[in-house]
Amino acid sequence: MTSDHDPAAEGAEVPVLAVENLSVRFRMRGGRDIAAVTDARFSVAPGECLALVGESGCGKSVLASALLGLLPGNAETTGSAVLGGDTDLLTADERTLARTVRGRRIGLVPQSPAAHLTPVRTVRAQVEESLRELTGVRGSALGKAALVAAARAAFPEGHLDRYPHELSGGLAQRAATALALIGDAPLLLADEPTTGLDRDLVERTVDELRRHTDEGRALLIITHDLAAAERIADRVAVMYAGRIVEIADAAPFFGAPGPRHPYARGLLDALPERDFAPIPGMPPELGALPDGCAFAARCAYADARCTDERPAFASDLACHHAPTGRTHPLKEAADA
Amino acid sequence: MLELTRITAGYDRRDPVVREVSLHVAAGEAVGLLGPSGCGKSTLAKVAALLHRPDAGTVTLDGTVVRGWRHRAPREQRTAVGVVFQQPRLSADPRLSLRELIAQPLRSTGRRRDVPERVAELAPLVGLSEELLERRPHAVSDGQLQRACLARALVLEPRLLICDEMTAMLDASTTAALVAVVERYRSESGAALLAVGHDRVLLERWCDRTVRWGERTAGSERVAVG
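Those protein sequences? They're chains X and Y, same order as listed.
Per our numbering, residue 1 is the first one in the first sequence, and the count goes up by one each step.
Per our numbering, residue 1 is the first one in the second sequence, and the count goes up by one each step.
Hints may contain errors.
[Claimed, not checked] Label pairs and their in silico Cβ distance ranges:
hint : chain 1 : residue 1 : chain 2 : residue 2 : range
1    : X       : His165    : Y       : His71     : 23 to 31 Å
2    : X       : Ala256    : Y       : Leu125    : 33 to 41 Å
3    : Y       : Arg107    : X       : Arg29     : 53 to 61 Å
4    : Y       : Arg75     : X       : Ala304    : 49 to 57 Å
5    : X       : Thr78     : Y       : Arg14     : 19 to 27 Å
6    : X       : Pro156    : Y       : Glu134    : 46 to 54 Å
In case anyone wonders, no lab produced these hints; they're calculated from the structure.
Small disclaimer: the values here were computed from a predicted structure and weren't measured.
Idealized CB from N, CA, C, for every residue including glycine.
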């Protein structure tokens, strides 16, 4: 899917986004702590799509909010998330985020476009407003620029004068994507962009996002839809109970030899086109995580070590078992 | 079990969403109804669940023609059907604990005394712990809330279960878990199922047969005209 003459290929050494040891804690009343994200580490390069997958409530969306500086007041973040090699999103002040980052350096494709768009204004009005704010286009050029902006996200010209409630789910999604693309941000952040859409629309939406990635943007897509992730991603990061437990190239992850982490394997095996067998039990509460591996209680391979000791994230994997090569060779071995 | 004959339904009589649709679900059968977003399949599911009165056509439940919808439906018909919707947040009263949510159908049919026993039976079946049962919807995930909504649909032991995009918001593992709960209930009770959705792979794996919206099926059965 990636084009051979990638215009951004030479800049590939500097990741668009480099996240190191990112943790988010929510301080709750009564001194309780919710560990929503713990020690997340990943990077996204230009022209690359990283899919962050996991069950609902595993901390995926909190991570997205942290990157945009949109966490509520009781959240505490540690670690770093460096955008374009110069701006740490976790320490940047609100003024910097509002004036230079959101929309300009990170475009957000939201979870429910119908709720993201302003209900009382037409799509054209919203596109033109974003153009004025982000690109400085004024006056008579604005109308033309709006058409171009709409066309980039394949939003039909004839629907520009409609209000959000008059759009179907797919068109609302495209309108939101058009707005996200206006600032020409090098990083697109798509938070569950396909929730509630039917299969055809899911495929169209992710194919369009892939197209924008192939133009040289980096895309971080957060989703629980494994089929959508398989269709679009270059790499996959699996999140469980606030931690990234595995990062893998998409092709071996979805094909052979498959995921290395037992949780990731369980998630894929739950698909109706595979075993359709659920992972037993439910994820632990983020406010009461066990001392050992958070997945141990649901894992068929768990032993005493798993319940006592938290596995470190090494070689893109956080599991006591896989490094012994029980099921799959290590990534380095496969690459050699 | 359920017979929908030439149903026309919608929210504006001049422009119905569903036109002359027929569908048949035999006793104990699992039928999947497939269709794209916005085709009217949820409206049809509401008609079948006795929650939306059609403009024309007849609904027959267990051989009895349905004459009233919503509160006008007789209790024995209303309680024969259990429904699970797509969005658990929109179908759960935020003021109720999950325990009370599950118990609600028992209370509104005067079976208050059965509450402790039925909730204790159903909670482990859908995978809800005692601790989760005490929480209110804002304090649980979508998947956990949908588990409670499924338990609520099963609490009166319906003979027909209608699942309208029950798993569209959920991850793969929770989807498989909830489908397993439905199938276990059906194998024990012999209940029929109408599962509405857009995921072909899921419905073909789950149901005895699937019917595509807008497609003519065997016999005179016909699902919608475009």
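Okay, the hints, checked on the actual structure:
| no. | hint | verdict |
| --- | --- | --- |
| 1 | X:His165 <-> Y:His71: 23 to 31 Å | 29 Å, holds |
| 2 | X:Ala256 <-> Y:Leu125: 33 to 41 Å | 36 Å, holds |
| 3 | Y:Arg107 <-> X:Arg29: 53 to 61 Å | 31 Å, violated |
| 4 | Y:Arg75 <-> X:Ala304: 49 to 57 Å | 55 Å, holds |
| 5 | X:Thr78 <-> Y:Arg14: 19 to 27 Å | 60 Å, violated |
| 6 | X:Pro156 <-> Y:Glu134: 46 to 54 Å | 50 Å, holds |
Comparing the model with each numbered hint stated earlier shows that hints 3, 5 do not hold.
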